[in-house]
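Peer 1: If you want the building blocks of each chain, they are given just below.
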Amino acid sequence: MPDQAVSLRGLRKSFGPVEAVAGVDLDVADGEFFAMLGPSGSGKTTVLRMIAGFESPTAGTVELGGRDVTRLAPFERDVNTVFQDYALFPHMSVLDNVEYGLRVKKVPRAERRERALAALRSVRLEGFEKRRPAQLSGGQRQRVALARALVNRPRVLLLDEPLGALDLKLREEMQVELKAIQREVGITFLFVTHDQEEALTMSDRIAVFNQGRIEQVGTPAEVYERPATAFVASFVGTSNLISGEAARTVLGREGTFSVRPEKLRVVLGQEETGPDEHEAAGTVREVVYAGPATRFVVDLDAGGRLIALQQNLQASSMDVTGLRGARVRLVWHRRHEFPIDAPAEPVIAG
Amino acid sequence: MTTTTTAAPAGVRRRAASFLHRHSGVRLSLLLSAPLAWLGLAYLGALAALFVTAFWSTDVFTGDVVRVFTWANFTDLVTGEVYRTVALRSLGVAAAVTLIDLVVAFPMAFAMAKLASPRAQRWLVIAVLTPLWASYLVKAYAWRVMLSSDGVLGWGYGLTATVVTLSYLWLPYMILPIYAGLERLPNSLLDAAGDLGARGWRTFRTVVWPLTFPAAVAGSIFTFSLSLGDYITVKIVGGKTQLIGNVVYDNIGAANNLPFAAAVATVPVVIMLVYLAAVRRTGALESL
Ligand SMILES: Nc1ncnc2c1ncn2[C@@H]1O[C@H](COP(=O)(O)OP(=O)(O)OP(=O)(O)O)[C@@H](O)[C@H]1O
Ligand SMILES: [Mg+2]
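Sequences listed follow chains A and B, in order.
Under the numbering used here, the first residue of the first sequence is numbered 1, with each subsequent residue one higher.
Under the numbering used here, the first residue of the second sequence is numbered 1001, with each subsequent residue one higher.
Bound conformation, chain A alone (with noise of 0.2 Å):
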């Protein structure tokens, strides 16, 4: 196994009677750019926390670079950090914080400089060196924040949802410009985010958190296209499942199965069905005319309700919209629907 830029095992920690993290196992390869997925409260900020080194552990050990760094302080280890709320320090120029890293570790004033200035340059910041943290906006704010830690050149750099505070907009270029510098500095990124499209476009890798636990690691398409649990398949996407009779009915099989809403396709007439291809019948409940795609939600008649997403190719919203109440059936190749795990907690050994 190559060494790893970042190894968790067993990972747990407790806030009194709360447990925040209950037994996690990861592992980042380097170079990597992997999110940390998971709704708010499920313990993501404070795995970041412990690979850091702002929290201990209770127990289970952390690796970085397969050197145990468990009990190590924030100062001894190899990692930087990008915090939610930026924390730049405000009595400083933009230039002074990017440098306090180097300054630190006795960098030589020229190269410092130097150092420094390209990493501003690298975000697109060039020009912005004399001002402070409080003349800047939202977006320049994170570019600091992140010249600030990659100026250090981590082995790992964390990113507590380094987007969170910014518009949709903004968002989005910041999206495409961050996955441009990992690209570019070649450092292993882990970042955590509550946004499942973020997480989906961005990383290489996901980790999806429940409960202080992991539920799956996985590629965007693993993860999106095969959850392998139910959790997962809600958290990530819009959740189709197919479960009980009407697993039995439709599929032949005992069993919960996911689909995804753009797999289905809604038939309205007598269409044939391929050879491997499923089909329910079912009542349509709602139509939501949504722009490029409509969702049509249907009942099925074996039980249950599946949600289908159709590109919106020829038809208008008038069309759609009058298909509330109709009869149809929703017709997909036996290759979408995957098994998942009963809703059960699953338990990793800790």
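I should point out that these hints are in silico values taken from the structure, not numbers from a laboratory.
Watch out, some of these pointers could steer you wrong.
Incomplete in silico selection of chain A near chain B, CB under 8 Å [as the list claims (entries may be wrong)]:
| no. | residue |
| --- | --- |
| 1 | ALA73 |
| 2 | HIS91 |
| 3 | VAL104 |
Ideal Cβ positions, reconstructed from N, Cα and C, are used throughout, including at glycine.
Use these hints to put chain B with the ligands onto chain A, whose structure you have.
Peer 2: Here is chain B with the ligands on its own, set in the frame of chain A:
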């Protein structure tokens, strides 16, 4: 212009209200007029009276105040060796008290603001405030008992005893502003410094201290001016030590020389003005 009375028609009242809303400057000055008048009359007025009195003299035989302008009091003050020594000693005491309070208060305030649990924090604030509810005299006499040669500390009375007692008395006035300043300092800044490789001392020097300096200055203004003006503590634990306050007090009482007392009393005022001007240059007052 006046604000509306209750008898005024609703329209007038509404118009006045909207006028005040639009002209926030007028609103502010109306709101501030009472406290400003109080400050102007009671405080600045008294200060002016003090200053004027300082240029009068007393009749040697009758002891009555002679209301004729003279520099005599100030010439005495500047040329008198005793007074210069007393003024310098007072300055030294105030500076020492401020320094001691700063050194003691900072770690205490830091522990309160950054290390204690929210529950412990509340109790610690109360613990710091409680001595302020006790009478000044009770606290000073408590120290007198402790310092007396057969007391717990047994250091005896004098300059050191005065400095120690004053440091104790004014400590809360240093802790509270610094505590408030540290409360405003986001924890993430401390984390960020550590994250960038700084150890405790460096984090303190480059992040904590610059950002809480204005709070420390605010505290020092209290400890410094309270120490400069004190005359009771010196009387209780100072032994033979004389400070500016005693000179003022003795001239009002025993010597019955009100103009000279006034002249002496301007000394701490001038020292404080110089101190404030010096502090202002550091820019600390802007962020108070
Ligand atoms: N210092 C603390 N003291 C007590 N409880 C804490 C502390 N920090 C976190 N917790 C608790 O631990 C749990 C996990 O918190 P954490 O901040 O890791 O969640 P998160 O996944 O980052 O959530 P969010 O998306 O809202 O930031 C929460 O229930 C939180 O209340
Ligand atoms: Mg968080």
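Peer 1: Identify every previously stated hint that the structure contradicts and give their numbers, smallest first.
Peer 2: none
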